[in-house]
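J.: Using the sequences plus the hints, can you model the full thing?
This is what each chain is made of:
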Amino acid sequence: MSHAPRRRTRLLQFAAAASLVIATAGCSGGLGGGGDDGGSDDGPIKLGMLAPFSGSESAFGEYMQNGAQLAVDELNADGGVLGRDLELVVEDDACDATTAVAGANKLVTDGIAASVGGYCSGATLPTLPIFDEAGIPMVIPAANSNELVEQQLPGVFLINGTGTQQAQAAVAYSEKIGASSVAAIDDATAYSADLAASFVEQATDAGLDVAFEATITPGENDYSAVATQLANEQPALVYWTGYYQEGGLIARQAKDAGFDGVFLVGDGSVDAKFAEIAGDGYTDNVVGTFTQTPDMIEGADEWIADYTELAGAAPGPYSTQSYDAVRVIAQAMEDAGSTDFDEVVAGLEGLEDFDTFAGPLTFTDDHTLSGGGFVIVAIDPATGAFVLKDDLQG
Amino acid sequence: MAGRLDQALKHAPLRAPSPLFDRPRAPRGVFTSQTGFLRALGGLAVVLLLVLPFMDASRYTMSIATSALIYVMLCMGLNVVVGFAGLLDLGYIAFFAVGAYVSGIFTTVLGFPMWLSLIATICACIIAGIIIGAPTLRLRSDYLAIVTLGFGEIIRITANNLDITGGPSGIHGIPSWEFGGWSFDDGFSIGGIEFPGYVVFYYFVALVVVVVGVIGAGRLGKGKMGRAWKAVRDDEDAAEAMGINTYIAKISAYIIGAVWAGMAGQLMATHLSAISPNSFQFLYSALILMAVVLGGMGSTPGVIIGALFVSLAPELLRDFAEWRFLIFGVLLVVVMLFRPAGLWPATAVLPWLKRQKPQPPPFTSAVSAVDHGEPTVPPSVMESVDGLPATDAEEGRQP
Amino acid sequence: MMQLIWNGLIVGSFYALVALGYSMVYGIIKLLNFAHGDIYMLGAFVGFFTLSAFGISNETSIPLLLVIMLLSMVTTGLIGVGIERIAYRPLRNSPRLAVLITAIGVSFTLEYGVRQLFGPNPEAFPIRLASTGFDVLGMRITASQLVLVVIAAVLMLVLAHIVERTSQGRAMRAIALDPQGAQLMGVNVNRVIATVFFIGSALAGAAGVMAGAYYGSIDFLMGFIIGLKAFTAAVIGGIGNLYGAMLGGLLLGLLESFGAAWFGGEWRDVFSFAFLILFLTFKPTGLLGARVVERM
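Residue numbers (my numbering), protein chains in the order written: chain A, 1 to 394; chain B, 1001 to 1399; chain C, 2001 to 2296.
For the record, the hints were derived by calculation from the structure and aren't laboratory data.
Every clue listed holds true.
Calculated lysine to any residue pairs in the SDA-like style (CA-CA distance at most 20 Å, straight line):
#, chain 1, residue 1, chain 2, residue 2
1, C, K2283, B, P1135
2, C, K2283, B, R1138
3, C, K2283, B, I1131
4, C, K2030, B, L1139
5, C, K2030, C, Q2183
6, C, K2283, B, Y1247
Covered, in the sense of this in silico footprint (three residues per stretch, anywhere, with C-beta under 8 Å from a C-beta of chain B), are these stretches of chain A:
#, stretch
7, 91-102
8, 121-127
9, 144-153
10, 180-190
If you anchor each label on the Cβ, the simulated ranges turn out as follows:
#, chain 1, residue 1, chain 2, residue 2, range
11, B, I1130, C, G2138, 41 to 47 Å
12, A, G83, B, V1330, 41 to 47 Å
13, A, K176, C, Q2116, 42 to 48 Å
14, A, D85, C, A2143, 58 to 64 Å
No experiment lies behind these values; they were computed from the predicted model shown.
All residues carry an ideal CB built from backbone N, CA and C; glycine is no exception.
T.: Below, the structure written as structure tokens:
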């Protein structure tokens, strides 16, 4: 009992100290002073990019960063946007929601004017409300889950074709080669599972026989289970919707197990590394669904050379999309004559037939690409790179 | 015969022998006692945390501060399981996932308000704690490690495969707490200071929950249950022989740990507004365990330091982007090499208290009246190894 | 059916090779060496680095594979000894969890060190075994699988010989039983522990090179999952027991193979872990493990 008064005095001391600190702390940046979240009006226009630079997906972060950086350098060489230079600010999202949210908040605090990042759908989703609330338009180069646009946030634009569009191309190709039975394999990530589910749905609607739909665990080496399944069921075409590393392994192991149908891969697998991993003699049945790549477009040799000079490595998946994302947002700002949220969004919505790697770009009402621009590519046995095989135009 | 003895004993005055010594008064005061100092430190930390938003309310600071608080909550829960009860848990993130997913599903799919889903979260975590705890009761440390690891993976993979959990992209659009028509997102203003709901306000909620969580876990660790946990940790067979129900002790540790993690999960789900299975990988279980061991198992201040280190170090090293996990790894090895018992071990005594020789306690008058001679127990026995009086002084309990 | 068993045995032999190192280290100093999976990854990268340095690619020769494997084994063995010397030995008398955390730190260091050196992209391994397949008893077996199984079996036999028949092996078993007693009997404990780390790491390095040559792709995180799986395998077999580790590895491979066939690939790990938990509930010491009273 006798201790009670002493404790109370200590509490009082704390309270006094606390109020003192609060009183002195009403400086800017705190709750009392008005926070300044938007970009400032002088200095470079900052573009933020969230991409994975650590963890299992870290290979893609660099492709995206370099693609975007190339666009920024080119635009700056041409005098920038609205008379101001562009600056790319990159943060790691590690493909993880917590890290992504911290990164997004950091970008907002850094005062970015627009976001040109977003790779993993699962890590991009929680960042949408943050950017939205801060009034920052987003042009998402890689993540393409349908859930990103389902929330109908005004500032969200996808410039990667959605799973639905890509699956459409895959089904169109299956019908074209007369594949009666098809199968789908995904790697349990959001992007891949979306695409596979969409493919199975559309294939069923088109009257194709779906032999099976399998899921594998990414990051492993042995996919003999699914390879055996392919060999036993022998679908005429299998659609692999994950990335090239597992894709190359599965293509090889499936062929070893005796599968001889067509191995169709999604855009995540369209990479020269695919042939390297699968090995010689394992790629003649491999085709892919892909948006136009640099080497299929005239004048793109120069682009690849520029990219290689900047990055010290050849471009990979989503390099072109990230490059385009920067150009799209820059064009929208230029059209709008401002970096203000509503005007930039209006500028993005008003873009018509803007020239990108994926073909002329016009956003639909739900802020996705009007046409996916997907084509069919196959591996060139000499170089191992994917080259245009069929543009699916009739 | 026996009956008469009983009769005799019934009326015999049973009196405990008088104590040899007066129970020494636990030292008090901020700098003269361990408890006082820790309490003052804790109070100071809370005050600083309360003041933080007034200094820097940028979204980034608030966001990492909230995440760090949630980590503290998680680590306090794991500290109960690993630090107090000595059960090595490599799948602790599973409970975090259960909490996050249950609150996510209840609010988005089923449309309950957040406060109702809190009850559901706690219930689900208790059940999860029992499910995971029960089969592991017979196992000892290393087998326990793999079983808990397995559970962690099972929960994550299940969340990744089911439709109700949103599959690989998880659940998004998780609402904030709301009462009637007012939600935390709206924010409010008091005395001219605008509280922009969202991040800053949520930070205060997390702060309150975490402070309650830290104090609660600390008190539990000192109570009857806590002493049972520590007995089981130090020697299970001896504890059982002393009449402690080791099954109950272990399973209650699991349940407490699960509830703490579930609360943290709910905070996280609301804070991020979206959750995905990627956030519940084994790596994160390892990180939390790392925080607990790094800080000092069973030591509340240590675990808080560890949690802050593990959650803030990657953020502070953000500018080193690609190097940060390498630096993190090296740092971890170096810290463990120089402080193997953790940064602030449970047995740590403040350095200036260590040197203080306690006075031998005065004898009670009863002893001197009866005995007149030297006490049978030399005073030096009453000094424990670390120089503190061998009482519950550092536990700060009132007799 | 037969195909499933064969597939399971192939994966299982990788698990077994890595699990052996896990189990040996655990048996002798009661440490869960979380960095062990990364030694496997290092083995693959040592092979990759050497071959690339000589400009070799798309090679299929088995003698070259054996040479590279030996080189990798020596290198990873020495790295393993180095890790033990720097990170684990100073902590031998510390709480066991402290060493566990150090092991996680070492694991991070190795993974992200390799990432800094070789980049985050997967690399194609320069040696590829020819995989002409033929059908036996309803299974499709490829030549590379046979090579793999033979190499794994030889390595395990050599290991069994070392542990059972040599004085070093006797010293290892003595330390596993009672380190202090062994020391009193004149066993150089530090040296024997270093030997154990050398052998365990060399086996993991060999498995890494074999995985590179068999599957064809290596990356800096490849050791993580197999490390977890090998840990599981070692526990199923009874951790600390060498034959248990081999058996556990093969059993886990079979479980995964059947799990994937019955429940689909996405539920495979759930199936194996659920089996593991049920199994341990009824037989808490694993297949061949001894009941030991121990404390944390």
